[in-house]
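S.K.: Protein chains in written order, with this note's numbering: chain V, 1 to 255; chain S, 1 to 255; chain F, 1 to 255; chain H, 1 to 255; chain D, 1 to 255; chain C, 1 to 255.
Simulated from the structure, these hints should not be mistaken for laboratory data. Heads up, the beta-carbon is just placed ideally off N, CA and C, and yes, glycines get one too. A portion of the hints provided could be inaccurate.
The following residues of chain H were derived to be distant from chain S, with all beta-carbon distances above 10 angstroms [unchecked claim]:
1. A53
2. R227
3. R228
Pairwise CB distance ranges (calculated) [stated by the list, open to error]:
4. P4/S <-> G61/F: 50 to 60 angstroms
5. G22/H <-> H192/C: 50 to 60 angstroms
6. A247/S <-> H204/V: 51 to 61 angstroms
7. G149/V <-> A219/S: 46 to 56 angstroms
8. V132/F <-> T182/D: 38 to 48 angstroms
9. A219/D <-> H192/C: 41 to 51 angstroms
10. G149/V <-> G22/S: 37 to 47 angstroms
11. A20/C <-> V132/F: 50 to 60 angstroms
12. E194/D <-> A20/C: 29 to 39 angstroms
Examples of chain S residues toward chain V, derived with CB under 7 angstroms [claimed, not checked]:
13. P4
14. L7
15. A8
16. E9
17. M10
18. T12
19. R13
20. Q34
21. V40
22. V84
23. T85
24. H105
25. D196
26. V198
27. A243
6 protein chains.
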Amino acid sequence: MTAPDRLAEMTTREAADAVARGTVVLIPAGALEQHGPGMVLGTDLVRAEGVVARVAANLAGRVVVGPSIPVGVSPHHMAFPGTVTLTTTTFAAVVREYVTSLHRHGWTRFLVVTGHGGNNATLTAVAQDLLVSHPGIQLAWSPLTSLAGDAVAALDPSPVHGHSGEAETAQMLHLAPHLVHTDRLEPGTTTHDELDDVSRTARHHAQPTLTLPYDRLSANGVLGDPRRATAEDGAAIVKAIVARITAFLEEWPAA
Amino acid sequence: MTAPDRLAEMTTREAADAVARGTVVLIPAGALEQHGPGMVLGTDLVRAEGVVARVAANLAGRVVVGPSIPVGVSPHHMAFPGTVTLTTTTFAAVVREYVTSLHRHGWTRFLVVTGHGGNNATLTAVAQDLLVSHPGIQLAWSPLTSLAGDAVAALDPSPVHGHSGEAETAQMLHLAPHLVHTDRLEPGTTTHDELDDVSRTARHHAQPTLTLPYDRLSANGVLGDPRRATAEDGAAIVKAIVARITAFLEEWPAA
Amino acid sequence: MTAPDRLAEMTTREAADAVARGTVVLIPAGALEQHGPGMVLGTDLVRAEGVVARVAANLAGRVVVGPSIPVGVSPHHMAFPGTVTLTTTTFAAVVREYVTSLHRHGWTRFLVVTGHGGNNATLTAVAQDLLVSHPGIQLAWSPLTSLAGDAVAALDPSPVHGHSGEAETAQMLHLAPHLVHTDRLEPGTTTHDELDDVSRTARHHAQPTLTLPYDRLSANGVLGDPRRATAEDGAAIVKAIVARITAFLEEWPAA
Amino acid sequence: MTAPDRLAEMTTREAADAVARGTVVLIPAGALEQHGPGMVLGTDLVRAEGVVARVAANLAGRVVVGPSIPVGVSPHHMAFPGTVTLTTTTFAAVVREYVTSLHRHGWTRFLVVTGHGGNNATLTAVAQDLLVSHPGIQLAWSPLTSLAGDAVAALDPSPVHGHSGEAETAQMLHLAPHLVHTDRLEPGTTTHDELDDVSRTARHHAQPTLTLPYDRLSANGVLGDPRRATAEDGAAIVKAIVARITAFLEEWPAA
Amino acid sequence: MTAPDRLAEMTTREAADAVARGTVVLIPAGALEQHGPGMVLGTDLVRAEGVVARVAANLAGRVVVGPSIPVGVSPHHMAFPGTVTLTTTTFAAVVREYVTSLHRHGWTRFLVVTGHGGNNATLTAVAQDLLVSHPGIQLAWSPLTSLAGDAVAALDPSPVHGHSGEAETAQMLHLAPHLVHTDRLEPGTTTHDELDDVSRTARHHAQPTLTLPYDRLSANGVLGDPRRATAEDGAAIVKAIVARITAFLEEWPAA
Amino acid sequence: MTAPDRLAEMTTREAADAVARGTVVLIPAGALEQHGPGMVLGTDLVRAEGVVARVAANLAGRVVVGPSIPVGVSPHHMAFPGTVTLTTTTFAAVVREYVTSLHRHGWTRFLVVTGHGGNNATLTAVAQDLLVSHPGIQLAWSPLTSLAGDAVAALDPSPVHGHSGEAETAQMLHLAPHLVHTDRLEPGTTTHDELDDVSRTARHHAQPTLTLPYDRLSANGVLGDPRRATAEDGAAIVKAIVARITAFLEEWPAA
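Given the sequences, and given the hints that come with them, work out the whole structure.
M.R.: Have a look at this one:
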């Protein structure tokens, strides 16, 4: 069966109908980047697509799902084999041309759901530039994990926690357990004492913000202890994320 | 089960192993563009991914499959709703940064398999620029349908034949029949008499080459008569394409 | 008297000495954009420069202050006369070339202190791109008001509060009272009820993030009630900001 | 005497008249690149200009000849002294701005005649981008030698044959014999056995397409045996090319 | 007190009034670059701002002063610590976006006053490009010292004279004596005999023009003998410059 | 016969010899732009090529002549049919890539001789950027008419004089009389009284510099009275230009 909300699985006439219905375009975005010894390079897109599918199910007929953007802004992971990065300029151009193409057909509201935090800044920059160049477009974007603060806190994650750690691994155990090598999961940096001086400064202060390469933050690319993640935790996190994005979309007026 | 040849489903350590094995990176590329009343916007990527999966099966362990590039260069279809186009500059940047990222990890040979002919010129341009900027990279690219000349001829296609016509529809009936609305297939422009003067000039001469928008060539975006396509024809075409690409890869030396 | 920590007021030989001492370069960044009926277009830079001067005084000899970047990314204010905006591409290029020029002379640590939140995303993007192109550079950036959460909360600001509101006006009353026309201060949008549907959605959800033009958010460009600000509040906010940035710089190791 | 069809030799008023007549603009494009020991760096432009002059003579008053573009996309020849290459981005910009400038004066049809195959891909890319940015422009382009398949086959060229080989040398002997050093002509790579493994793969398969530098394909930069070329062969090839381009132009309607 | 002609010190409503009055926007531009052992890196902006302030005082109410551009095109000084350079592309983008932003609010006439000759060429290039992209804008630019030929000649400068020499030092002694370390002023290259062969060629011929790095022209970055400068000379030079710019502005009609 | 100093007429081996001899590369640059009712669009390149040929004859074996750049920066003439303009960005890219290509083969000294003053600023900008990106390159450029001040003054030109006026027409009467329609020469703007207010301001002040479109300066695109030009005047001007450029090249040391 086709998924009737996926743009790639619509004909052009179905697309025209979707415009006429005033749908919002959801765009999953990921990264191809290291996720430690036990998770796969495509982890971020798997999570974004999983969330978008659930949101789309909640809002059947009111959204369409555009093709995923599978590679993103990942310079901080380039020391780890398999990682691909786009410059921020190129990632921005992809998003801008994707969205403005669809705007020519009549869509006005777009939500990029990114499984990768490295894309956030560029998504904001694109939205800013569009305010002047295409005032008829409303471009929103959403992260994943940070929408589920309570569920993540319930995991009681490690003092240093983040990329490929408890919360991210939990989501994967829920969404795509076949892509988690549970036997290979290894803890990464879990305490501030393990960080070198520069990394500790960067982690200590959310702001001022200091961007560092991940090989400096963690020898195996992991922040936190993914062995502590469970699928149940992941289900709770995903549920919270989906609820937040769904609520946003339900509020967002067409005008 | 994971597909062990998909880069997105490898860990970073598996990626390092794949580099060490001297694998070639295969990259499916598509388009999101109109394919007439009966086929879906994502048709080109579906076909590229289908071919790549078969090639990869033939060459297990000797290739890896990178993330697909789902949108391409489709300005000629922009009159039809749902089409997305990147400028040639942006599409080139995506391919270049994708490939050079992986080259930093040690890969040297790349084959982009594009289901969309509108990407061909830009792929050549990227390969040219890399000769100077990254002489250690060998970037090849391949189309689909034109590799299967005999099998297409056996279809006895319409005098005007091409986009969304007999050969392309046949491939989809073989690769993804659930994405073909056979009840909605309609013939497009099938004879030179139906073309306007400019379109006839463009079709009459392969060279000089004149690029025209598809709404000028065909009212419904189709060239040929997709109703005449069969899954058997498609199987023959796909088989020929896969054989040609496999043969190329088997010959391509690592040095 | 010259200010010995300002790069523009050093000779080239003094600059060489500052490199040899391992100084951090502080770069104030602002915007030229509307700040409502009572505050001036240059407000953001005035605040950034005020903070930087105080931080530099705390760390005499350990930092140098580079020339200010007086215009930034302000597309959301372009409906209001006098606003200047750079595209994110151009703002990024300025920061990148500024920083890489100084890196050629030996500096490795840079902190951009931006009085304008519209610059934040681009600063992050620049820092990301530098990880690959110039791994020897550490580029940090800092906002202002969000470093002083407690002091701002103590103001008991309006339910809708932000640009040109209580907290920003307070800072100006402390740092540059001659640039605040207290007799012309007017409340802007102060409650969610005053927002239109789209604006309410955007303000309701910090994430997903929806960037809107300010003329949609507020008729006079103000969020909050600047009449409620006092210089004392501003002093507390500035003190908190300066303390946070100073602490960051004291921790930041040279290596 | 002036050549009345050359734009560079018209006054602005004559140019205005040429627009009013509905002329097509012909643009010769070349390369500055090695052509082996016996032919000159400017060979490609000499051939393009020779063909264009003959086409223009056939269509007097219906075409104008714009200034030649003397350098093109030649990264594959950069190992040989004297070669100049533009990036594909820059070559594209030159063609685009050249054509759009003339479009502002009212011209709508343009034919770039390129003596250098390395320009082909970029010319297609420019034509694609113009479909969206300048839908009023029709940009066609033409190669040379590939228009004369029968005449080239009649030469019975070497098994490996191409750049600076029999067919190209023949054209030069006809068009500009003073620029061929017949005493210095040397055979280059003429058989597949002389190719290394990678080059053989690339030549064996027209598609997939693998672009290689010429110093890998041939020690002296030549493919084929130019000593076998005659001016008579060249006359036949040029005649065929001119006929094909003339026929195209005669068909191309103004609308 | 605020300076009522400084855009940064106006509210958005005052800016709207300034547009309505038909004011010209003056933009001081500088450089951050070496000025020898005795003058500061910011010398060029200090001089530009000093001149602009005097011009604005002459034309009160008829001009507004935009934010200064503090860094410019200084590649020729990059061998000297502290110098920052923008590429010409980036400097051009800053000027273009600055000016076109203000043009959206209604301003049409702009004068960039540059204290740094390295910016001249790019300012001309921006003005050229704007003729096509924004025909409603008139962008003028002015240097400083070359407007005061007689006053400079009266100084009887050294045979080789220029950057950081008599005339520039004199201006600084008049405008900002606290930024001149008179005890550290040292002569630089003062005679043609001290130049190497290439530098002598470049200085001998104003045209053809050969741009050289300053470390080749002078060991300490100075051309001329700054010790011979006096504040009185500087006053005469500044007076002449201000008079010339004022006269230009008085003539420049609004239409 | 071939012209042995033209790069386009050399083989790659001859090019290698020319590098080894330490030759300077001369590059003629022009424009395709209106030159009034009596002179042709390509006038500027004709003059540049004429001068370069004479300089090359003076310095046989010490220079090579690269392909001409036939279109340049001519936005100010776009109101007149037939004019082509490149953006300054594109013209810069062409020059930069042309020169850096040849630098890879070993050339280090380049002189662009431009018959069109609109190219001057961009040529300077390219030379500036190369100081940082390619410090091994020395890029000089030269105008034409301004090198012959005495010879032009001897013409006693009109009070308003310049583009397509006495001095330029005289050069063409000497260099390419067949391209001057003497029967169609018409005076353009010859006195300040004929200028509108803005044009008068721009012409009155060489500095500040205000760039205006030519249709504002002159109804027929001419400044001065070309009917007063003679071939003898042109010979004197060309002789002076050639002497100045030759002298520069004779002085320019290889190191």
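S.K.: If you check each hint against the structure, which ones fail?
M.R.: 5, 11, 13, 25, 26, 27
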